[in-house]
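Chemist: Spelled out from the first residue to the last, the chains are:
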Amino acid sequence: DTGVSQNPRHKITKRGQNVTFRCDPISEHNRLYWYRQTLGQGPEFLTYFQNEAQLEKSRLLSDRFSAERPKGSFSTLEIQRTEQGDSAMYLCASSPTGGGSEKLFFGSGTQLSVL
Amino acid sequence: DQQVKQNSPSLSVQEGRISILNCDYTNSMFDYFLWYKKYPAEGPTFLISISSIKDKNEDGRFTVFLNKSAKHLSLHIVPSQPGDSAVYFCAANKYYTGNQFYFGTGTSLTVIP
Numbered sequence: 001d002t003g004v005s006q007n008p009r010h011k012i013t014k015r016g017q018n019v020t021f022r023c024d025p026i027s028e029h030n031r032l033y034w035y036r037q038t039l040g041q042g043p044e045f046l047t048y049f050q051n052e053a054q055l056e057k058s059r060l061l062s063d064r065f066s067a068e069r070p071k072g073s074f075s076t077l078e079i080q081r082t083e084q085g086d087s088a089m090y091l092c093a094s095s096p097t098g099g100g101s102e103k104l105f106f107g108s109g110t111q112l113s114v115l
Numbered sequence: 001d002q003q004v005k006q007n008s009p010s011l012s013v014q015e016g017r018i019s020i021l022n023c024d025y026t027n028s029m030f031d032y033f034l035w036y037k038k039y040p041a042e043g044p045t046f047l048i049s050i051s052s053i054k055d056k057n058e059d060g061r062f063t064v065f066l067n068k069s070a071k072h073l074s075l076h077i078v079p080s081q082p083g084d085s086a087v088y089f090c091a092a093n094k095y096y097t098g099n100q101f102y103f104g105t106g107t108s109l110t111v112i113p
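Chains as they are written, first to last, in my numbering: chain E, 1 to 115; chain R, 1 to 113.
If you are wondering where the hints come from, they were derived from the structure by calculation, not from laboratory data.
All of these numbers come straight from a predicted model, not from anything done at the bench.
Mixed in with the good hints, there may be bad ones.
[Unchecked claim] From chain R, some residues computed to sit far from chain E (all C-beta separations above 12 Å): (1) Val13; (2) Ala41; (3) Glu42; (4) Gly43; (5) Thr45; (6) Leu47; (7) Pro79; (8) Gly83; (9) Thr105; (10) Pro113.
[Stated by the list, open to error] Below, a list of computed lysine-lysine pairs in the DSBU-like style, where the Cα atoms sit at most 30 Å apart: (11) R:Lys5 <-> E:Lys57; (12) E:Lys71 <-> R:Lys56; (13) E:Lys103 <-> R:Lys37; (14) E:Lys103 <-> R:Lys68; (15) R:Lys94 <-> E:Lys71; (16) E:Lys11 <-> R:Lys68; (17) E:Lys57 <-> R:Lys94; (18) R:Lys71 <-> E:Lys103; (19) E:Lys103 <-> R:Lys5; (20) R:Lys54 <-> R:Lys94; (21) E:Lys57 <-> R:Lys37; (22) E:Lys71 <-> R:Lys5; (23) E:Lys14 <-> R:Lys71; (24) E:Lys71 <-> R:Lys71; (25) R:Lys68 <-> R:Lys5; (26) E:Lys57 <-> R:Lys68.
[What the hints assert, rightly or not] Which chain R residues stay away from chain E? Per the calculated CB distances, all over 10 Å, these: (27) Val4; (28) Asp24; (29) Lys54; (30) Lys56; (31) Asp59; (32) Gly60; (33) Arg61; (34) Val78; (35) Ser85; (36) Ile112.
From the three backbone atoms N, C-alpha and C, an ideal C-beta is built for every residue, glycine too.
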C-alpha cells in the first residue's frame, strides 16, 4: 500500500515536553499539508509544502511549531514546550501537482494527548 | 472565521432512504468543492467533488449539488447503507490560486438498519 503514512499513531506527553511527528506522503506527490483536528471541528490548515519549500503557514502555527520537508520527501512536524491546548489529531495529506491536485489524500493521523 | 459551515452536527436516516447533508460557504472565490468521509481513528477519505462550473456531479449512490447563488452545496446518498455511517466533511478550495482547503465542522451520519 502506498498511501500516506504517519507515525506515531498515538503520542502521550507531559506538558512542556517536545514532540515530533513524521509523515511519509504518497511517493509521486509533490504537495504536502499538515492539518490539525480537534473534537467537533473540521481539519484546520497548518502549513503546506511544495517539494521542500514551505510555501504557506497558518497563523495557527505558533513559534512553538516547526515543520520541515528535507529533500522534498517525508516531513516532520515538531511541537516544542507542548501545552494542553495542543492536544488534537494531527493530519498529514499529500496531493500531486497537475491532474488530481484538486484533492488531498490523508494519512490516519497522529493523536496527541498532552497531560 | 468559519468560511465553510455545516450547521447540522448529526443526521439519522433509515437504511434504504435518502441522506441529505448540507454545507454553506461564505467566500465567493471558492471554485472547487469536495466531500470527505471519516471513520473514527482514521484520516478523511475523498468521496466526491464538484467544480464551480457545474451544478451537479454524480458518482454511483453519491450526488453533489452546487447552488452558487446561494453559496450552498449538498450531498445526497441514495440508497443509504449502514456502512455509510461516518462523519462527512465539506471542503472548499480556490483551485487555481489557493493552497488551502477549508473544511466544515462535519456532520455525523447514522444509517439505521
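Chemist: Would Val4 of chain R pass as off the interface with chain E, using Cβ distances and a cut of 10 Å?
Modeler: violated (7 Å)
Chemist: With d taken as the least Cβ-Cβ distance between Lys54 of chain R and chain E, does d exceed 10 Å?
Modeler: Lys54 of chain R clear of chain E: closest Cβ-Cβ about 13 Å, beyond 10 Å.
Chemist: Minimum C-beta separation from Ser85 of chain R to chain E exceeding 10 Å: can you confirm that?
Modeler: Fine: 18 Å to the nearest Cβ keeps Ser85 of chain R off the interface.
Chemist: Going straight from one Cα to the other, do Lys103 of chain E and Lys37 of chain R come out at no more than 30 Å?
Modeler: holds (13 Å)
Chemist: If I take the minimum Cβ distance from Ala41 of chain R to any residue of chain E, is it greater than 12 Å?
Modeler: At roughly 7 Å from the nearest Cβ of chain E, Ala41 of chain R sits no farther out than 12 Å, so the non-interface label is violated.
Chemist: Gly60 of chain R: least C-beta distance to chain E exceeds 10 Å?
Modeler: The claim stands: Gly60 of chain R keeps its Cβ more than 10 Å from every Cβ of chain E (closest is about 17 Å).
Chemist: Would you mind confirming whether the straight-line C-alpha gap from Lys5 of chain R to Lys57 of chain E stays at or under 30 Å?
Modeler: holds (22 Å)
Chemist: Please verify whether Lys57 of chain E and Lys94 of chain R have alpha carbons no more than 30 Å apart.
Modeler: holds (16 Å)
Chemist: Taking only the CA atoms, is the gap from Lys54 of chain R to Lys94 of chain R under or equal to 30 Å?
Modeler: The given pair, whose Cα atoms are some 15 Å apart, holds under the 30 Å limit.
Chemist: Compare the distance between the alpha carbons of Lys103 of chain E and Lys68 of chain R with 30 Å, and conclude whether the hinted pair is satisfied.
Modeler: Holds, at roughly 20 Å.
Chemist: Take a quick look at whether Lys71 of chain R and Lys103 of chain E sit within 30 Å of each other, Cα to Cα.
Modeler: Holds, because 20 Å separates the two Cα atoms, which is no more than 30 Å.
Chemist: Holds or violated: is the Cβ of Ile112 of chain R farther than 10 Å from all Cβ atoms of chain E?
Modeler: Answer for Ile112 of chain R: holds, closest chain E Cβ roughly 22 Å.
Against the hints set out earlier in the document, violations occur for numbers 2, 3, 4, 5, 6, 9, 12, 16, 22, 23, 24, 27.
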